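> All the letters of the sequence shown, read from the start, carry residue numbers 2 to 280 under this note's numbering.
No wet-lab data here; the hints were simulated from the structure.
This one's a predicted model, so the numbers in the text were calculated from it and none came from an experiment.
Heads up, a few of these hints could be off.
Quick list of the computed label-pair ranges, beta carbon to beta carbon [what the hints assert, rightly or not]:
| id | residue 1 | residue 2 | range |
| --- | --- | --- | --- |
| 1 | LEU250 | ARG125 | 32 to 38 Å |
| 2 | VAL191 | GLU121 | 39 to 45 Å |
| 3 | ASN114 | ASN216 | 28 to 34 Å |
| 4 | GLU236 | LYS153 | 42 to 48 Å |
| 5 | PHE271 | GLU234 | 31 to 37 Å |
| 6 | GLU236 | LYS117 | 38 to 44 Å |
| 7 | GLU249 | PHE177 | 16 to 22 Å |
| 8 | ALA124 | ILE208 | 28 to 34 Å |
| 9 | ASP152 | THR248 | 25 to 31 Å |
For every residue, glycine included, the Cβ atom is placed at its ideal position computed from N, Cα and C.
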Amino acid sequence: MSENGLNAVFFEYTVYLSDEWSIGLISFDDTGSTRHAGMSFNVFQCYGVESSQALLKLRFEKVIHYNLYLFEKQVTVIFELGIMKIRNNLDYYLWRTFMGYAIAGYFDKDADNRIKTLWEGMARSGVDDYLINSENNPHIKFVMYEQLDLDKVKTMLAELARNLKTIPVQFKTYSFYPNKKPFICIDAAVSFEILDLQRKIRSSCDIYAKQYNINFFEQGIWKPDCQLTIEFEREKLTNAMQYLSNTELPFEGEINRIGIIEFHPARQLFSYDLMTDRK
């Protein structure tokens with residue numbers, strides 16, 4: 002075993018070409034040796050950075066989705082042309098084990114900036130820096146799908162947005178999920194308007210999508226919140242609480258657009274502005 006503990010470990014990838022959905026299996030060892038079936042890209046380098054990370058250098062022409070298995074733990078990542086570092090903390094984050102989509106509500110500029118400041122604080126405190134380095138904005142997830150008919154869902158969301166006014170939100174509390182590896186959210190006060198928006202999104206879009214076998218987004222269970230971290234080591238929870246205890250709540254904002262996120266890593270595909278002439 003090397004110092005990074007990866008000499009005896011093989012990286013197995015199930016590879017999906019996004020336009021053709023052809024499937025191949027790639028295996029890498031830590032020296033960069035490869036075995037592959039049915040794929041046409043070249044692997045230049047694969048080696049361990051540390052036991053919780055890997056770095057891959059690839060050259061290919063198409064966007065390719067990978068399911069990565071490291072120490073028998075699966076995470077999903079998406080590579081585009083160039084080099085990307087895989088953040089692969091083991092048992093990383095429940096939703097990172099999926100490849101799919103989320104319908105999200107985004108906030109006005111002031112609220113967006115305030116939550117990004119909290120993301121930055123989590124990074125400075127050494128808790129988690131994934132969100133501040135992601136290609137996404139703070140948001141509330143209304144539903145997540147394993148698969149969807151993107152064109153039909155786009156049409157439904159565009160129609161909804163044309164008939165919905167911006168929704169006021171109050172960010173009033175912090176919460177954390179006490180998993181083996183916790184993660185922290187900022188909670189929005191529950192209102193009829195937010196619950197009704199989620200209901201309308203689900204009733205319009207569910208028929209064009211395949212849902213995950215999870216109940217997080219069911220009526221009576223779902224709550225409007227915005228993540229401040231993904232999962233992190235429990236030892237960092239004290240740092241997170243100390244940082245958040247010196248921030249100010251509540252603050253106001255509004256949901257002013259809805260859109261679709263593809264993950265992982267999170268990437269906004271499109272969004273539609275809600276009407277602003279509230280009466």
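> Hint numbers the structure violates, sorted upward?
Numbers 1, 2, 6, 8 and 9, in rising order.
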